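There are 2 protein chains.
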Amino acid sequence: MRSLSVVSIESPAGLSTHGCGAGDEPLLLRACRGEHVERVPVWFMRQAGRSLPEYRDVRKRADLFEICRTPELAAEVTLQPVRRLDVDAAILFSDITLPLAAAGIDLKIVAGVGPVIAEPIRSAADLRRLRPFDPDRDAPYVAETVRIAVAELDRPLIGFAGGPFTLASYLIEGGPSKTHARTRQMMYGEPLLWRRLLDALADIAIASLRSQITAGAQAVQIFDSWVGVLDPDSYRDFVLPSARRIFNGIADLGVPRIHFGVGTGELLPLLAAAGADVVGVDWRVPLERARARLGAEIALQGNLDPALCLAPWEVLAERVTAVLDRGGNTGHIFNLGHGVPPETSPDALRRIVEHVREHGASRQATADAEWDALGV
Amino acid sequence: MRSLSVVSIESPAGLSTHGCGAGDEPLLLRACRGEHVERVPVWFMRQAGRSLPEYRDVRKRADLFEICRTPELAAEVTLQPVRRLDVDAAILFSDITLPLAAAGIDLKIVAGVGPVIAEPIRSAADLRRLRPFDPDRDAPYVAETVRIAVAELDRPLIGFAGGPFTLASYLIEGGPSKTHARTRQMMYGEPLLWRRLLDALADIAIASLRSQITAGAQAVQIFDSWVGVLDPDSYRDFVLPSARRIFNGIADLGVPRIHFGVGTGELLPLLAAAGADVVGVDWRVPLERARARLGAEIALQGNLDPALCLAPWEVLAERVTAVLDRGGNTGHIFNLGHGVPPETSPDALRRIVEHVREHGASRQATADAEWDALGV
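From first to last, the protein sequence lines stand for chains D and Y.
Position 357 of the first sequence, counted from 1, bears residue number 346 in the numbering used here, the numbering being contiguous throughout.
Position 36 of the second sequence, counted from 1, bears residue number 25 in the numbering used here, the numbering being contiguous throughout.
Keep in mind that the hints are not guaranteed to be accurate.
[To be verified] The calculated lysine-lysine pairs, modelled on DSS-like cross-linking and capped at a C-alpha distance of 30 Å, are:
(1) Y:Lys97 / D:Lys167
(2) Y:Lys167 / D:Lys97
(3) D:Lys167 / Y:Lys49
(4) Y:Lys167 / D:Lys167
(5) D:Lys49 / Y:Lys167
Since the hints were made in silico from the structure, they are not lab data.
All values reported here derive from a predicted model rather than from experimental measurement.
The whole structure should be built from the sequences, with the hints applied where relevant.
Structure, rendered in structure tokens:
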């Protein structure tokens, strides 16, 4: 394992200000709040993990949950993409199902499959197996990971939790599902049991996020990755109340809150209504459409098609530019529309970061000049 | 196997006119053309197949491709849902990958997995293994199935073909894929090879559809089921030309053309632009939004969440009504937003059909009365 060391600020385009000098708030946080920024910040979902050789080295000696439960390892893996890619934020290395395992669920991550639950939750009796989650008692290693990483970082660390639909789906199906059929069967057929399950999951998320924020996370993201399987009526009736519970449950801590799910084009206004400051946008939705659906008050995060990470650089560069152009000058955080594909070359990610910096800054300079020319 | 027999027209609500009397065109075809209809027609994607016990009986004695290649069996299975459910159309029982197997690809349907291709297509050399498809020579059983079924039917039979992206994905990935990563890698990285593959697949679809129409199919549907993984720019640049090739290639035959894919909310106008008369709408998109994106000239097909087939009847009935209300009085064909889940009770499907008939007709009567009251 590489030793921990202070992350150096490299400046590929002479522009790498993460905004920690001169009393400024970090760039990412200002962008989350929709403030005028000198350039669009950039980070990647799943930037830590399978696409980095230094992660695969760590992974040879420990499995996913062992890494998550060993603060030195988890912090190391959290910092790896910041070192290598110079992204504008770190994101905690962990897994959305980890708090479930810590709250009494017999859960394994099976390579090539995903989370597998030994005894799925399908009744009120089953629900009793999901204990209340106390981060200090059940998963102290998470906050410790945050503390170690934050001490090493000169830019924000994003904490996260799984969204209620996605975690419920794993618990009910017993693992990943293409159709989420049993999940929706409970949702439509046993709405009271469903609501109890989702509120219990919301409370787990709240406890986990509060602990991460207290330990130093400066922004948080709710990954309700699979909620895009629902139509808007179903989301509003069966998930939004529990999502809102999460956002309300951390509102007093004042950190920007990002809300993301795949395939959620029709749900964007509801993801915002849950209480988000930033909505993560799937690659299927051109950002100007997302903006039209969400209004100017909500910041957007996204949304390059992850598959483009595997495309030739000329194609990739053109599409990065298009995402920047569509995202506009403020209220945009560059990211992929979902996680980094495992086969991605780290060089491609590094070039994306540089391209966002260069293109984002030159475009911003033009916009500022035009603004000045107006004499306002 | 049950013997073939003329399908009886049962009238659960006294309204079961499939429009074959009095020189009328069948209800389904008039609805496809956006004409004023006495009620909204209804059929179900995957209405023939796994959810019907009489299909499972046939399946005990023959596998999927054996059924498809035996006209008497395939016609029987095509007719089963018409007998049991009294839907307004039959759809040919076949599989979108069948013409690929007939055109030289070593392809199996593996239970619980889907189509599995022994040697995926990943290069120009591989592409040579995909021969031109001559339905009369390579798959005469398909047209024969259509002829047998049509002779027994008093309502339209819908023919179909796989869309170019979806078939390309199976061929490139070697089977079903969650991410379609290799597929998009070829699409972005080798656009000329990609275009040759998709045009070859379009030509297979054209040949297959022309043969089905000549044999008696009165409408056709292109299932580009997985194309919703693309953003609109990518669809427009990399798939639309080949989709348009298919629609143009059957335009002279004058049958209504339906275009469907899952998760295509952002692609709806492009699915129409390919040349469709009807666009199938995924359950995620409320029909009034689909209507706003598509305009009044295109008919809509859909879009009940298939998962609702497993919900209690009260919940299901309410959502069927909502789909009808959102679909409006003309230019709407009731269907699910994707295929019937295998666990669905045929009784639930039968009740949906009856509900659509009753609700659709009473709503239409109200609309007609209001229209008359206007004195126009």
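- Query: Among all the numbered hints in the text so far, which are the ones the structure does not match?
  - Reply: No numbers; nothing is violated.
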